[in-house]
Every structure is written in structure tokens, then in C-alpha cells.
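Engineer: The residues making up each chain are set out below.
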Amino acid sequence: MRLPAGVRDWLPHELARKREIEQQMRAVFGRWAYEEVQTPIIERFDVMERGLGEETAELLFQFNDRRSTALALRPEMTTPVARLVSTRMRETPLPLRLAYVAPVFRYYEQPQEGRMRELTQAGAELIGAPGIDADAETLFMAIEALDEIGLRDARFDINDARVVDGILAGVELDGEAAREAKEHMKTRNLVALRKFERPALVQFAQRRGGHEAIQAARGVCRTPESLVALDALDELLRRAGALGYESRVTVDFALLRELDYYTGFLFEGYVEEIGFSLCGGGRYDSLLPRFGFDVPAVGWTAGVERLLIALERRGKHVRRRRHRIDVLVAGSDVVAARERAAGNVVRYAGSDLGDEALLEEARAYEIPRVVIALNGTVRELRVGPRVGGLPAPRTPSNWDAR
Amino acid sequence: MSRPKAQPEAGLTIAMPKGALFAESAARLRSAGIEVPEDVGRRLTITTADGTTLLFLRPTDVPAYVEFGSADCGIVGKDVLWETDRNVAELADLGFGYCRLVVAGRRIDRYHEGAPFPTFLRVATKFTRSAETWFAERDLPVELIPLHGSVELSPLVGLADLIVDLVATGTTLREHDLVVVEEIGESTARFVVNPVRFRAKYDALVKLLERLSAVPA
Numbered sequence: 235m236r237l238p239a240g241v242r243d244w245l246p247h248e249l250a251r252k253r254e255i256e257q258q259m260r261a262v263f264g265r266w267a268y269e270e271v272q273t274p275i276i277e278r279f280d281v282m283e284r285g286l287g288e289e290t291a292e293l294l295f296q297f298n299d300r301r302s303t304a305l306a307l308r309p310e311m312t313t314p315v316a317r318l319v320s321t322r323m324r325e326t327p328l329p330l331r332l333a334y335v336a337p338v339f340r341y342y343e344q345p346q347e348g349r350m351r352e353l354t355q356a357g358a359e360l361i362g363a364p365g366i367d368a369d370a371e372t373l374f375m376a377i378e379a380l381d382e383i384g385l386r387d388a389r390f391d392i393n394d395a396r397v398v399d400g401i402l403a404g405v406e407l408d409g410e411a412a413r414e415a416k417e418h419m420k421t422r423n424l425v426a427l428r429k430f431e432r433p434a435l436v437q438f439a440q441r442r443g444g445h446e447a448i449q450a451a452r453g454v455c456r457t458p459e460s461l462v463a464l465d466a467l468d469e470l471l472r473r474a475g476a477l478g479y480e481s482r483v484t485v486d487f488a489l490l491r492e493l494d495y496y497t498g499f500l501f502e503g504y505v506e507e508i509g510f511s512l513c514g515g516g517r518y519d520s521l522l523p524r525f526g527f528d529v530p531a532v533g534w535t536a537g538v539e540r541l542l543i544a545l546e547r548r549g550k551h552v553r554r555r556r557h558r559i560d561v562l563v564a565g566s567d568v569v570a571a572r573e574r575a576a577g578n579v580v581r582y583a584g585s586d587l588g589d590e591a592l593l594e595e596a597r598a599y600e601i602p603r604v605v606i607a608l609n610g611t612v613r614e615l616r617v618g619p620r621v622g623g624l625p626a627p628r629t630p631s632n633w634d635a636r
Numbered sequence: 032m033s034r035p036k037a038q039p040e041a042g043l044t045i046a047m048p049k050g051a052l053f054a055e056s057a058a059r060l061r062s063a064g065i066e067v068p069e070d071v072g073r074r075l076t077i078t079t080a081d082g083t084t085l086l087f088l089r090p091t092d093v094p095a096y097v098e099f100g101s102a103d104c105g106i107v108g109k110d111v112l113w114e115t116d117r118n119v120a121e122l123a124d125l126g127f128g129y130c131r132l133v134v135a136g137r138r139i140d141r142y143h144e145g146a147p148f149p150t151f152l153r154v155a156t157k158f159t160r161s162a163e164t165w166f167a168e169r170d171l172p173v174e175l176i177p178l179h180g181s182v183e184l185s186p187l188v189g190l191a192d193l194i195v196d197l198v199a200t201g202t203t204l205r206e207h208d209l210v211v212v213e214e215i216g217e218s219t220a221r222f223v224v225n226p227v228r229f230r231a232k233y234d235a236l237v238k239l240l241e242r243l244s245a246v247p248a
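Protein chains in written order, with this note's numbering: chain A, 235 to 636; chain F, 32 to 248.
To be clear, the hints were calculated from the coordinates, so they are not data collected in a lab. Certain hints may be false.
[As the list claims (entries may be wrong)] If you anchor each label on the Cβ, the simulated ranges turn out as follows:
hint: 1; chain 1: A; residue 1: 461; chain 2: F; residue 2: 55; range: 40 to 46 Å
hint: 2; chain 1: F; residue 1: 66; chain 2: A; residue 2: 492; range: 37 to 43 Å
hint: 3; chain 1: F; residue 1: 199; chain 2: A; residue 2: 272; range: 54 to 60 Å
hint: 4; chain 1: F; residue 1: 199; chain 2: A; residue 2: 343; range: 29 to 35 Å
hint: 5; chain 1: A; residue 1: 414; chain 2: F; residue 2: 91; range: 25 to 31 Å
hint: 6; chain 1: F; residue 1: 176; chain 2: A; residue 2: 321; range: 47 to 53 Å
hint: 7; chain 1: F; residue 1: 91; chain 2: A; residue 2: 461; range: 44 to 50 Å
hint: 8; chain 1: F; residue 1: 163; chain 2: A; residue 2: 414; range: 21 to 27 Å
hint: 9; chain 1: A; residue 1: 547; chain 2: F; residue 2: 82; range: 16 to 22 Å
[Claimed, not checked] Heads up, simulated DSS-like pairs for lysine-lysine below, C-alpha to C-alpha not over 30 Å straight-line:
hint: 10; chain 1: A; residue 1: 420; chain 2: F; residue 2: 238
hint: 11; chain 1: F; residue 1: 157; chain 2: F; residue 2: 49
hint: 12; chain 1: A; residue 1: 429; chain 2: F; residue 2: 238
hint: 13; chain 1: F; residue 1: 49; chain 2: F; residue 2: 238
hint: 14; chain 1: A; residue 1: 416; chain 2: A; residue 2: 429
hint: 15; chain 1: A; residue 1: 429; chain 2: F; residue 2: 157
hint: 16; chain 1: A; residue 1: 429; chain 2: F; residue 2: 49
hint: 17; chain 1: A; residue 1: 416; chain 2: F; residue 2: 238
[Unchecked claim] Away from chain F, derived, C-beta distances all over 10 Å, residues of chain A:
hint: 18; residue: 236
hint: 19; residue: 410
hint: 20; residue: 454
hint: 21; residue: 575
Even glycine gets a Cβ: it sits at the ideal position worked out from N, Cα and C.
The task is simple: from the sequences and hints, build the whole structure.
Structural biologist: Given below as C-alpha cells:
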């Protein structure tokens, strides 16, 4: 009767909170004119590998169908959306604004809270839009979304994948050494970076800041692409400032995301008391070309369960919305149907229950009216306040949240 | 242009390893300005006058506390980082707690002089993940025998052909007529941080990093 490792059930009151967050995210996507899409949970393995690269493909739950076709559960939604767009929406005028709220699956060796094997991602993809306006749209939508769910102090670190390449060229590392250094940059392993004997590398891996950090980077970055990227980061900081976000957006040159398809702008959002990021995203201009459709794209995604953890850990439970019930009906399908037709939420009660039992049930579920239809007569009981000595409700309400 | 000050940062929570690394870790934190008491007795955690929270943990538990953000940062041996494979950022090599993770065998078996290993190796160790990785990288099939102490006994009584264990001075190996066959790696104490907390408490953590690094190793 046990569950497999790394997955969980959602009881009604838990799911209600999760759904509320999902609805808030959908509302934000809607306000930014993004339309929701859905793709299959199962994809062909080769399609996922084409998008994710070999290394990330290790995270896949994979299996064969009965004809030995290699299949996989999607570990993220960007690759399926890229596949969808490149195969089904090529004729749609660009740019495309698509959103999703969907379960994804990852084979983590050590699943734990915040790193479950099944998780829900809420994200948005802006496809066919190059440049800083699209990058800014992605970042500012993410900030608005976290504001919307009540994490108004969430902070966002930004970077550009091209800056790291510029730094590596600037300190004259290439080939295998550059690849290794980048990996250590990603994990911010300063001990390993010191072994390259390039002090600038270590400085960059620990440098975060604003315009002054970008200015310092200009002295080291050598590639034209990285200088363009630094200008773009500067501009993003300025635009964030104009929206009142200056204290919440910081440049972090060591920020590199796990998936290898990012080509430019990158960001992650987090709050102080949670040790993992809540959302993140970036530009992935090379992904759609892998599916034969040569258009740029940028996107972001949030982990819904992580957002829940963040809210719960700071005691800011999302308001508990238990399903509101308007009337408890006993003894008549016709009366119940009439109540439903009038727009009420109706709970059926057993027709063998006495008045006292019905009132008790009504109180337990906070139902204001009880209608009893027996032997051709229809009576309505008034549900009074609970009096002492009655049994405790089967579903206790959350007094903290009242 | 000056940037507005980030939100006030709460005091740091630091995961400290009990056991062999404790005294030196405490000394280094003290010289970095953190009031670690001389004697923590049986306490699991204390909060110092300046608001720093110290957690006293089994060394192998330090990476998990840091990875999940229950501690902002910690001090832990590199051997534990190899073994636990947790997602923490390694900011400084503190230099103390030197030891080597080695493959060792009986002198009489002459593996250290190039005698061929048995086709199917039995390897006893407390470091199962590190051992598994090391032998797998060499395409050597092994049967791992996880032990929890006195690993050096196992080859003497025929439980294992080889052991993977930490060696500080080599005295224990010599006493049991064991020799190092291969060195897997050198380990010292490391200052590690939670990757996201590094951003969230940047000023405090960089200050601590600089102070810990300033002390000559």
C-alpha cells in the first residue's frame, strides 16, 4: 500500500491551496496575454533527449512501450512546448505567448521536500521574440507572479550565459579547461576554481551586485557577445529600477542554470528562508532550431510545490478555501435538483438520519441550511450554533487561518 | 549610482562538525569573530550573543543541513562531500583536517606492487558511494561491503580483498600490516554554503568567507 519514493498524495485541503496558487499563476499569465497549452505527459525519449542534451537526459523516467519504442516522462515543459510549436504552430504569427501549469517528472536519486520526483511547473514561453524586450517581459512577469501569490520580498538574480564565456576567454581558458571551469562556476566551487590560477575567475564566481559589478566585468570580458550581454544586463537593471524593483534584482555572474539549452539572459527567483530557488528561466535561442524551427525564444517557470513550501514556512498559508456548501438535503432528489438549479452547492444526506444527526452534519461542514423532504412534506431546519457536549467535527477547521 | 541596501539580513546559521574537526573549526570561527563556546556539552544548537546560530552535527549530516537551507553554511571534510554528493557550494579550503581517502590491501597480497586483483573484488568500506564511483570509473566489478567501524579488520579475517578508508598518519594501516594500493583523493576541511542562501545572505556570507580565508592555514 506504499507510494513509490518521491511522489505524494494531495488531500482536499492541501489540493485547495495548491489549486489556488495555480489559479493565481494562470491569472498572471492571462494578464500578460499568454494562452495555456497542454502536451502529453509521455514523450518519445529521442525527442526529449534532443531538447535536453545527453547529460540532462539522465534525469528522465524512461521506459519502453510494447513495441520497444523508447519513451520518457517529461522532466520539464520547455522541450515539449518547443516540439509542439515547431511541429504544429509554425504558421501562427510570431511572437507566440504560451503558458502551462503541468506535472513533470524527474528521477532524483535522493528525493526530498522541494525535490520530488513528481512536481508541478507553472511557466510561460515567449517564442519568436529576440532581444531585451522579451527578456524583460519574462523577468517582470515572474516578479509580478511571485508578488501575486504573496511573496512580495522575493529577490531575483540575473545573468547572461554569454558573460561566462567572455570571462573564460578573458582569462585565456578554452577547450576542456573552459568546460570544467564553467561547471565549477555553475556550482560556485571556489576551491576548484582557485586551482586554475586565474584570480579573475574566482572573483567573478563570488561577485554579485548592480551596475558597479557590470562595470567591473567590462574590464575582463573579451568576446564581443559578452560585452553586448553586459550592456543588456545594465539595461535590464535600469528597467527594473523604473518599476521599483531595484532592491530585488541583482546581477550574479555565477548564475548558470542546470539545463544546457540556455544561450543568453538567465534568472532565478528566491526568498531568504528557502534554500532552493522558487522560479527561474532564460533565453534558449538554440532549442527550437534543434527541432528544425529557427526562431529565438525565452521563458520561465516556477515550481508550484516550492511556492507552497515558501508560503507555508513563513506561516502565510494561502487562505484555506474549503468547498462552500449551501444546503444539506435529505430525502428528495427533486428538492436537491431544484437547489442545484438555483445555483446552490448541495450535499446529500442520508434519508435515514434524524434531525439531530442532520444538524450535527450541517454544523460540521458549516452548512447554513438543512432541507428535509420526507413523506411528501418539505421542512427546513435552522442550523443553530454548536452547543457543548457535541462530538468534534470530522473535518476540523483551521483556526489559525480564520 | 549607489544601490539601495538589501533587506536586513538575519544572523547566520552555521553547521559545525562534531568529532575530529570540531576543535579546529571552532578556533577558526572564533578568529572570524564568532563566539563559539569552549564547551558545548551535549547541546545540539546554541545561539550566540551576536545572533549566530550554531548547529552541532555528525560530520556526515552537515551537507544535508546546508543543501536544504536548514543551515546557511557549514564546515565539513571534503571526504564527506564526496560521499554525500549534495548540492552545496564549496567556497574555501580551510586547510586543516588533512587526510587521504585510499584503497588499501594486505601487504602480503602485493596489490600495491601491481599484483592483479581477483576477478571479482570484495571491498569493505564506510565510504560506499565514493568506493562505488572509483571502481566503476575503472570498470572494475566489485561487491561492496558497507561497514560502520574498524574497517581495517576486514581484509585480515577474509571478509574483503580491499578496503576504502581514510588515512591520516598511516599508523593504523601499518599496525595491521595493510598498505595503500591507490590514493583516491586528499581531503581537508571545507567552508560550504547553500547556493541560494549565498545570494540571500550575500554580505554576511562573503564577510565570513573573507575572515575564514584570512587566517593562515
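Engineer: Once the closest CB in chain F is found, is it more than 10 Å from residue 454(A)?
Structural biologist: About 19 Å separates residue 454(A) from the closest Cβ of chain F, which puts it past 10 Å; holds.
Engineer: Range first: 25 to 31 Å. Now tell me if the beta carbons of residue 414(A) and residue 91(F) are that far apart.
Structural biologist: Cβ of residue 414(A) to Cβ of residue 91(F): about 27 Å, so the range 25 to 31 Å holds.
Engineer: For residue 410(A), is the shortest beta carbon distance to chain F beyond 10 Å?
Structural biologist: holds (17 Å)
Engineer: Quick check for students: does the CB of residue 575(A) sit more than 10 Å from each CB in chain F?
Structural biologist: Since the minimum Cβ distance to chain F is about 51 Å, residue 575(A) lies beyond 10 Å and the statement holds.
Engineer: Within 44 to 50 Å or not, the Cβ separation of residue 91(F) and residue 461(A)?
Structural biologist: holds (46 Å)
Engineer: Tell me if the beta carbons of residue 66(F) and residue 492(A) are separated by a distance inside 37 to 43 Å.
Structural biologist: holds (38 Å)
Engineer: Does residue 238(F) sit within 30 Å of residue 416(A), going by the straight-line distance between their CA atoms?
Structural biologist: Given that 30 Å is the threshold and the Cα spacing comes to 25 Å, the pair holds.
Engineer: Could you say whether the range 16 to 22 Å given as a hint is met by the Cβ separation of residue 547(A) and residue 82(F)?
Structural biologist: holds (20 Å)
Engineer: Below or equal to 30 Å on CA atoms is what counts here, so check residue 429(A) against residue 238(F).
Structural biologist: holds (22 Å)
Engineer: Given the hint that residue 429(A) pairs with residue 157(F), does the C-alpha gap stay at or below 30 Å?
Structural biologist: holds (29 Å)
Engineer: Does residue 429(A) lie within 30 Å of residue 416(A) when you go C-alpha to C-alpha?
Structural biologist: Status holds; Cα separation ~13 Å.
Engineer: Would you say residue 236(A) is clear of chain F, with no C-beta pair closer than or equal to 10 Å?
Structural biologist: Its Cβ never comes within 10 Å of chain F, the nearest being 23 Å, so this holds.
In this structure, every one of the numbered hints holds.
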